[in-house]
Every structure is written in C-alpha cells, then in structure tokens.
Amino acid sequence: MSWVTKTFSSTLGRKLLMALTGLFLILFLIGHVSGNMLLFKDDGGQAFNEYAKFMTTNPAVKILSYLTYISIIGHVIVSIILSSKNKKARPVNYADSKAATNSTWNSRNMGVLGTIVFIFIVVHLQNFWAQMHWGAIPMVTYESGEFKDLYAVVNLAFSNIGLVALYVVSMILLGFHLYHGFASAFQTLGLNHKKYTPAIKFIGSAFSIIVPAMFASMPIFIYLSTLK
Amino acid sequence: MNLTLKVWRQKNSSDKGGFVNYSIADISEDMSFLEMLDVLNEELSEKGEDPVHFDHDCREGICGMCSLHINGKPHGPQQTTTCQLHMRSFKDGDTITIEPWRAAAFPVVKDLVVDRGSFDRIIQAGGYVSVNTGGVPDANEIPIPKKIADEAFDAATCIGCGACVAACKNASAMLFTSAKISQLAMLPQGKVERKERAEKMIAQMDEEGFGACTNTGACSIECPKGISLTNIARMNREYFSAIVSSENV
Chain W
1 MSWVTKTFSS TLGRKLLMAL TGLFLILFLI GHVSGNMLLF KDDGGQAFNE
51 YAKFMTTNPA VKILSYLTYI SIIGHVIVSI ILSSKNKKAR PVNYADSKAA
101 TNSTWNSRNM GVLGTIVFIF IVVHLQNFWA QMHWGAIPMV TYESGEFKDL
151 YAVVNLAFSN IGLVALYVVS MILLGFHLYH GFASAFQTLG LNHKKYTPAI
201 KFIGSAFSII VPAMFASMPI FIYLSTLK
Chain U
1 MNLTLKVWRQ KNSSDKGGFV NYSIADISED MSFLEMLDVL NEELSEKGED
51 PVHFDHDCRE GICGMCSLHI NGKPHGPQQT TTCQLHMRSF KDGDTITIEP
101 WRAAAFPVVK DLVVDRGSFD RIIQAGGYVS VNTGGVPDAN EIPIPKKIAD
151 EAFDAATCIG CGACVAACKN ASAMLFTSAK ISQLAMLPQG KVERKERAEK
201 MIAQMDEEGF GACTNTGACS IECPKGISLT NIARMNREYF SAIVSSENV
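Protein chains in written order, with my numbering: chain W, 1 to 228; chain U, 1 to 249.
Hints are computed from structural coordinates only; laboratory data are not their basis. Each hint should be verified, as a subset may be incorrect.
[Stated by the list, open to error] No farther apart than 30 Å at their CA atoms in a straight line, the calculated lysine-lysine pairs in the DSS-like style are these:
#1 W:K98 with U:K91
#2 U:K146 with W:K87
#3 U:K169 with U:K146
#4 U:K110 with W:K201
#5 U:K147 with W:K88
#6 W:K88 with U:K191
#7 W:K6 with U:K169
#8 U:K169 with W:K98
#9 U:K146 with W:K88
#10 U:K6 with W:K194
#11 W:K148 with W:K228
#12 U:K16 with W:K194
#13 W:K201 with U:K147
#14 W:K201 with W:K98
#15 W:K87 with U:K147
#16 U:K6 with U:K110
#17 U:K200 with W:K6
#18 W:K85 with U:K110
#19 U:K146 with U:K16
#20 U:K110 with U:K91
#21 U:K169 with W:K88
#22 W:K194 with U:K47
#23 W:K194 with U:K200
#24 U:K191 with W:K98
#25 U:K110 with W:K87
#26 W:K195 with U:K146
#27 U:K47 with U:K147
#28 U:K147 with U:K110
#29 U:K91 with W:K85
#30 U:K169 with W:K194
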C-alpha cells in the first residue's frame, strides 16, 4: 500500500475526509442561504430567477457545484465506512448505559441525523434542482431576456403545508447535526487551541441556529404569502 | 446497607454469558466497591460457588488494573477508578448492574475480566523512546518550560485502564493513544521519533479493531485521570504532519 492509500484507509485519514467535506458543505450552506434570500425580495421573483440562471450556467459555479456533489457523496460514503467499523468495535452492547451523563444526544446520533438530512437533500433536489435542469418549467420574460420561472415552481411547492413542514423539521435536524459537526470538524483537523476553540464553538453554535432558521423561514414565508 | 447485585457472569471467552442476581447484606458505606465484591466472593466461596472474577491490583487508583462498568458508567458514578469508589455512593436497597468493558478489542476472559492486551500492543508499536539518551544530564542542560512539562505530565497520568474505550459509543481508543503520543511528543527525548511513533501507534490502534472518534467527549468525562480532548487534537496534528513529511513511502 502506498502512503496515500494507507492514510485514507486509516481511521484518522477517514476522519480527515469527514472534516474536510463537512467544512466544505458548511461553506456551501453560506452561499446557498445567501443566494436564496432573494426569495424575500418583493419583485415577483425576477432577482431570484436571474440568480437561478446564473447559478446553473456560470462555469465557475459549475465547478463549485461538482465539488458540492462530491462532498455530499464523499461525506456519506466515508461515514458509512466509519460507522460500520464503529459498530464492529462494540459487538455486545451494555445492558445499562448512562451515555446522557457524559455526552450530548446529537453528538451520539450524528449518523441518524445525517441520514435524515441526506434523505431531505434527495427530496429537495427532486423538488427544485431536477425541475430546473430537466423539468417543464414555465418561462418568464424580463428586460434582460427569457428565464425559467423557478420562482413559480418554489411558490407552487411551498403552497403545500406538508412539504413546508418537512422542510422545517429537516432544517431543525440539520441544525442539530451542525451544532456538533461544526466544532467537531476543527477538533478532527487538530485545531484545538485555548485562544480559538471557544470562538469556534461559539460561531458553530450560532451558525447551526441561524443558518437553518434562515432556510426554514423561506418555505414558511412563501406558504404564508400564498394564503393571502 | 442491603443491595442487589446484577453481575455479568461468563465462564470463558467463548461462553455466551448472562446476568446473575445476588443479594448482599450488611455492607458498610465506608467499604470500597472492590471490598464489597470481596465480601460477595467470600460468601460465594463458602457456598462452594465460583467467585466473581474481576481485575484489580494496587487498589490505590494508580495502576489501571481495575475496570467494571457500574450502573451504566465506566468505574461507576464517580470520576475515579473502581477501587477508589466507595459504597457511600450508593443507597440502601439499590440494584447495582456490573458489566465488563464492552469492546471487540477487549475480549472477555471470564466474568468481568477483559483482556486489555490491545493497549499493550499499541504501546509496543511506538509508545517509547528508543534513542540512546545517555547518562543523566545536568537538570539545566535541557530547559523545558513549566507549562510544557505540566502538560506532558498530565498526559502521562493515563493509567491505561480503558475507561475511555468503555465510555465511547464507538469503543475508540483515541484518548489513550493520544495521551501517550502527546506525552512523548512534547518532551525533547520523545520528539526525535515523533513521526514514526504517530504512524505506527495509530496503525496498531486500527489493527486492534477500535472504533473512530466522533468527538462526543464521553471518554474525557469518564476518564479517572481527566485526560483532556486536546490530546486527541494533538495526536491528529502529529499524525497528519507525519504522513505528509515522514520518510515512509
């Protein structure tokens, strides 16, 4: 085995992959939530539709989006490999375990939370991403040209209270996943320092509350505006 | 006080094993947990039954030999070793569940005794200094800042009991391995072989079948010596810098 394959077949090498893909996906979330804030703009969706076209046609964004797909798939595959090793490491469970006294629930259930978030991502991609790429989307014309009216698709989707509830619940679970994952990624990279770790933990906690809340506010806002 | 003990009994490593309940009376709250088990074993021996096997040695909290998962926690309800746990931590009428450490890398030998040889093999892989350090140098010859000496000493207080593995949901040995890697990487004599040590000890840790770290922090909280998670971060730094810069292709 070469040193590269040896590294990535070791637990620490795989943990490194988890941390790096996780941190990249955190960066992705910042971009995704900022762009989607255009949904709140009161212009009938023009800015959002223009943004959606830019995001699906710009070559630099293409590269980033492929990195995002790779990160999601990599994060999932490596977590499955690590989880199966972890399961094998304790073949017989304790009859009595007071794990709640030494660790948080979400830190012990990152796999469960991650699985639900992954299912959400698949549903979410089917709802909008697949529609934007291959669906029959109505067209809309502005001064700057003709655009796919993704805004209308979003409005239609979020007039369904069931889907809105699914999105909101998924964002809460994503928040729990990030609440542990954000700081945990830095610890795995070995970035534990008296000066910076408290700040990383604070930013991680704030991030995991604010960003999912911003995401969740979108379907709620659109659902409420369709009621009028 | 009178207690009910729910004890894991297992004849040997291939036996399936199961819990057996024992009633025990007139236990003083000043007894240590192991003394209470001694009383139980005396009663069992007098009845001609096989006593409950458990590991112990110094009974001073420094050797790392005692183990036991007591009422859902390694070394029981206090952050100490089982030998330093006293019966005043329990109430009259309590049922106490006693299990062995549960990990594939710590196979049960008999009852509550597990084989922690996997820890020894991790140490054998690189947890030592093999360079010739010569005779005892003058104390001022190798200046080590107090803070570094303290941190290295804190890591060195690990007694290798395995509570970290027992507490971890993944039965990971990262706290143990990182304590030894940290202790040696911070001191001048240990620094010489730090890269090779990190690579070899971590390879051995994987080989033994321990799980990965999820950074839940359970290990550090249950550690009788309070070994800090900063050691795991340091081990990761040691490992990542070793794999990119060591001579091992």
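*Looking back at the hints listed earlier, which ones does the structure fail to meet?*
Checked against the structure, the hints that fail are numbers 2, 3, 4, 5, 6, 9, 10, 12, 15, 19, 22, 24, 27, 28, 29, while the rest are satisfied.
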